[in-house]
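*Asks:* Protein sequences appear in the order of chains E and A.
Following our numbering, the numbering of the first sequence begins with 1 at its first residue and continues without gaps.
Following our numbering, the numbering of the second sequence begins with 327 at its first residue and continues without gaps.
It is possible that part of the hints are untrue.
[To be verified] Label-pair restraints from in silico Cβ distances:
1. E/Asp153 with A/Asp479: 24 to 32 Å
2. E/His293 with A/Cys522: 27 to 35 Å
3. A/Ser389 with E/Thr184: 37 to 45 Å
4. A/Arg512 with E/Arg83: 42 to 50 Å
5. E/Arg200 with A/Gly383: 31 to 39 Å
6. A/Gly383 with E/Ser50: 26 to 34 Å
Note that these hints are calculated values from the structure, not bench results.
C-beta atoms are modelled at their ideal positions from N, C-alpha and C, and glycine is treated no differently.
Here's the letter readout for the chains.
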Amino acid sequence: MHPFTYTKATDTREALNAGRRGGRYIAGGTTLVDLMRETVEHPGTLVDISALPLREVTVTMSGGLRVGALVRMAEAAAHPKVRALYPVISQALELSASAQLRNMASIGGNIMQRTRCTYFRDVTADCNKREPGTGCAALHGYNRSHAILGTSDSCVATHPSDLAVALAALEATVHLLGPDGERTVPFADFLLQPGNTPNREQDLKPGELITAVQIPAHPRPLKSGYLKVRDRQSYEFALTSAAVALHIRGGVIREAKVAVGGVGTVPWKLPAVEQALVGERPSDRLWAEAVGHAADGARPLTHNRFKTELLKRTVERQLSTIGGTA
Amino acid sequence: MSTERPDSAVPPTAESCSAPSRRTFIATTTALGGVVVAGGMVAAPPPLGAEKAVAAGAPPGGSVSLTVNGVRHTVTIDNRTSLLDLLREHLDLTGSKKGCNAGACGACTVLVDGRRVNSCLTLAVRLEGAEVTTIEGLEKGDRLHPLQQAFIDQDAFQCGFCTPGQIVSGVGCIQEGHTGSPEEIREWMSGNLCRCGCYVKIVRAVEQTAERK
Numbered sequence: 001m002h003p004f005t006y007t008k009a010t011d012t013r014e015a016l017n018a019g020r021r022g023g024r025y026i027a028g029g030t031t032l033v034d035l036m037r038e039t040v041e042h043p044g045t046l047v048d049i050s051a052l053p054l055r056e057v058t059v060t061m062s063g064g065l066r067v068g069a070l071v072r073m074a075e076a077a078a079h080p081k082v083r084a085l086y087p088v089i090s091q092a093l094e095l096s097a098s099a100q101l102r103n104m105a106s107i108g109g110n111i112m113q114r115t116r117c118t119y120f121r122d123v124t125a126d127c128n129k130r131e132p133g134t135g136c137a138a139l140h141g142y143n144r145s146h147a148i149l150g151t152s153d154s155c156v157a158t159h160p161s162d163l164a165v166a167l168a169a170l171e172a173t174v175h176l177l178g179p180d181g182e183r184t185v186p187f188a189d190f191l192l193q194p195g196n197t198p199n200r201e202q203d204l205k206p207g208e209l210i211t212a213v214q215i216p217a218h219p220r221p222l223k224s225g226y227l228k229v230r231d232r233q234s235y236e237f238a239l240t241s242a243a244v245a246l247h248i249r250g251g252v253i254r255e256a257k258v259a260v261g262g263v264g265t266v267p268w269k270l271p272a273v274e275q276a277l278v279g280e281r282p283s284d285r286l287w288a289e290a291v292g293h294a295a296d297g298a299r300p301l302t303h304n305r306f307k308t309e310l311l312k313r314t315v316e317r318q319l320s321t322i323g324g325t326a
Numbered sequence: 327m328s329t330e331r332p333d334s335a336v337p338p339t340a341e342s343c344s345a346p347s348r349r350t351f352i353a354t355t356t357a358l359g360g361v362v363v364a365g366g367m368v369a370a371p372p373p374l375g376a377e378k379a380v381a382a383g384a385p386p387g388g389s390v391s392l393t394v395n396g397v398r399h400t401v402t403i404d405n406r407t408s409l410l411d412l413l414r415e416h417l418d419l420t421g422s423k424k425g426c427n428a429g430a431c432g433a434c435t436v437l438v439d440g441r442r443v444n445s446c447l448t449l450a451v452r453l454e455g456a457e458v459t460t461i462e463g464l465e466k467g468d469r470l471h472p473l474q475q476a477f478i479d480q481d482a483f484q485c486g487f488c489t490p491g492q493i494v495s496g497v498g499c500i501q502e503g504h505t506g507s508p509e510e511i512r513e514w515m516s517g518n519l520c521r522c523g524c525y526v527k528i529v530r531a532v533e534q535t536a537e538r539k
C-alpha cells in the first residue's frame, strides 16, 4: 500500500474543500482499502466522510424513499420502510457480500465500488480501466465472469453491485453535492459505459460527493424482488441477476420495472421486456415471451456465451416469482 | 507508540532466542523464505509486514485512541495500519487471524462498536473512540463465552485457524438475530470460510448458543 495522508472531515464543507484539493473520499472503505493494498488505487489523501450527517432513511413527500449515502448496507436492508416499500432493495443488499462487509460498506460506496475483473485487480495485467491505453487482457483472456452487454473493445468488465441493479430498475436518482452546489442525476446516467474511456466510471465532477440515492414513488401495490444466480449459494458475485418490480391491478400489469446484473458493464435496464409486459395479464407464457428480447445486443466472449441464455432464464424465473401465473 | 498497558508498549520483535514461541518461530522462518533454521542462532529481521518494511523515512501517520477488550490504548501508527495489524503487531492480540487480508475469508472478524467487521479492511487510524472486541475479549474471567464453549461441545473446528473469526462472527450473528434456522445461520455466517469444512458443526454451535440465550 502506498503511503497516504488522512483527514477526517467534521462537516460537509470541510469534506468538499478537501475533495476539491484532490482528496479521495472514504466511507466504509471495503473496496477502497482492498484496492489500495493491491496498489490498484493509490490516493495521496483519504478524506474520511463518516462523520457527515448522511445517515438517514426518509420517506419523501411523494411516497418515495431517500437513503443517505452513509447508511450502511446492513442498516438499509433491515430498515422497516425499505423492507415494506422496496423488498427488491433489501434483497439485493442482503444477497451482497457478507454480514461483516454489509456492516461496514455504505450505500454511496456500494454504487461507487469498482469492478471485480481479475485483470483490473492485477497490476501486472493490461487494463484500460486501471491504466488507460494499455489494452484489455480480459477481451481475449479468461472472461467467464465478464459482461456481454454495454461492452467495448476497451473494456468488458461488469459492474459488481447488486444494489445498483435494483436502483436502476426502480429508476432512482443520485444526489450529489460539489464545489458548484447540488445536482441530481438519473441513475441510468450516473454509471457510465466504458466506450473508449473505461477509466471514467461515473458522472462525477472533481470533488463531488454522493449525499443520497432517491427512489421515486411507484404506483401501489408494487411487488418487487431480486434474484441472484452465482457459482455458490452465498457470498459471491452474480453471474446473472434480475431486479423486478410489477404493479398489477385488476389482473393486468400496469407498470413493469426490470433490470439485470452480472451481464452488463453497468446495471442493464430492459425496456423491451418492460414494454412487453405492460397491459398484459400474468402468465407463464407471457414471461417466456417477454424475455425473448432480454439479451438483444449481447456480445458474448469466449467463456461467457452461457450468459445469454442464463440471463433470459433468470429474468423469466423472477417475473414468475413476482408476477405469479394467475 | 504509547499505551496505558505497559506490557504492550514494546513492539513485537523476533530476535532469535533459545526457546522461540510458535509465533516467533513461524515469523522467523517465514521471513527467511520458509527455510527452517535449526538451533535458532540466526539473527532474523523483525516480523514486520511488507507494508512497514517499505516505510523508510516518515510515512504519514497519526495518533488514535481506542478501547480494545475494555482497555484503552493510545497508539501512534502509520496511516496504512489495518485494525488487524494493530491488534496483532502492536497490541500482541494474535487471536484475530490474517487469512486473505482482503475481506474474503472472515478470519479477522472482530466487533467494532458492537458490529462484526473485517478488521483487515478497517484502517486503524479511523477508529478514534471506537470500542473493539476481539476473541480475547469474549471470556468473562475464567469462563468462556457460551459460543466458545459451544465450539468445544460441538467439536466445531479442526485446524482452528478460522475459529476466532467464526466465533466472533457467530456472536455478531446471534446478536443480530439471524439464527432462526440452520439455513439462516449458514447464510448469515457465509462471510467466514473454513477450509477444514467444519460448517455443519459450526452451525450447530451457533444454534446451541442462540437457543440458550
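*Asks:* Decide, hint by hint, whether the structure agrees.
*Replies:* Consistency of the hints with the structure:
{"no.": "1", "hint": "E/Asp153 with A/Asp479: 24 to 32 Å", "result": "violated (59 Å)"}
{"no.": "2", "hint": "E/His293 with A/Cys522: 27 to 35 Å", "result": "violated (48 Å)"}
{"no.": "3", "hint": "A/Ser389 with E/Thr184: 37 to 45 Å", "result": "holds (40 Å)"}
{"no.": "4", "hint": "A/Arg512 with E/Arg83: 42 to 50 Å", "result": "violated (21 Å)"}
{"no.": "5", "hint": "E/Arg200 with A/Gly383: 31 to 39 Å", "result": "holds (34 Å)"}
{"no.": "6", "hint": "A/Gly383 with E/Ser50: 26 to 34 Å", "result": "holds (29 Å)"}
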